[in-house]
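The sequence shown begins at 0 in numbering that gives the first Met the number 0 and counts up by one.
Bear in mind the hints are in silico, worked out from the structure with no lab data behind them. Where a beta carbon is used, it is the ideal one built from N, C-alpha and C, also for glycine. Possibly wrong hints are sitting among the right ones.
[As the list claims (entries may be wrong)] So the derived label-pair ranges between C-beta atoms look like this: (1) E117 to K158: 28 to 36 Å; (2) Q79 to R194: 47 to 55 Å; (3) G193 to E126: 18 to 26 Å; (4) R107 to D75: 29 to 37 Å; (5) R188 to E117: 12 to 20 Å; (6) L83 to R107: 32 to 40 Å.
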Amino acid sequence: MAIFKTASEKAIKLKERIQERREGLFVKQEQLQEELKFLYSKKEDEFAEAVLNDDKGYSDTKINKDIDKVRNDITDVQRQLADLEHLEATQMQIVKGELNEEYNAVRRAEQDKLTKVEDKLRLIKIEYLEALVGYREEVRKSEAKLRDINTARQQTGVKTYPVDMAMGFHENVYNGGEINPMIMISELRESFQGRFPYHETTVAKYKK
């Protein structure tokens with residue numbers, strides 16, 4: 000009894016082995032049919048020769064036995080082909096249930112792994128959003144300090160400057176050379192399709 004590691008392997012190997020046996024029987028059947036045609040032709044030739052030579056002792060008993068043997072062999076091959084069809088149908092029905100069980104088990108296991116990755120991404124997202132909120136608070140404090148200075152500059156007649164310290168939020172296309180702290184749709188699209196959006200040399204600049 001063959002031992003297979005998985006139902007998938009069993010199904011594939013079973014189909015391959017049945018098909019291999021089937022092809023071998025088809026070849027044998029074709030060879031036997033050619034042999035049968037040859038024997039029928041030979042029988043006709045021998046009979047014609049016996050008639051032409053007025054051979055009163057001619058008998059076709061031997062060649063008829065040869066013909067019967069080949070015909071029986073063809074019948075046996077056809078029976079084996081039918082048995083293979085039945086075997087394939089019954090075994091595939093059994094394997095079908097095993098494949099369903101295997102698929103469900105593998106799907107559950109893989110879903111558990113993906114869920115862990117999703118949980119990790121969720122925590123990273125929370126950390127990122129918290130950092131973004133913290134960044135915004137730091138921007139507020141920085142701008143407040145600059146506004147205080149601008150107030151003093153204005154009161155003394157010195158030109159004031161813009162106090163907008165926040166990084167740009169409008170960008171939605173990365174250039175590949177710099178990594179913007181804000182996550183962009185184009186970056187998400189590339190990453191979700193399995194392509195990291197930045198070259199390793201660009202990433203290396205930020206990992207120093």
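So which of those numbered hints doesn't the model satisfy?
1, 4
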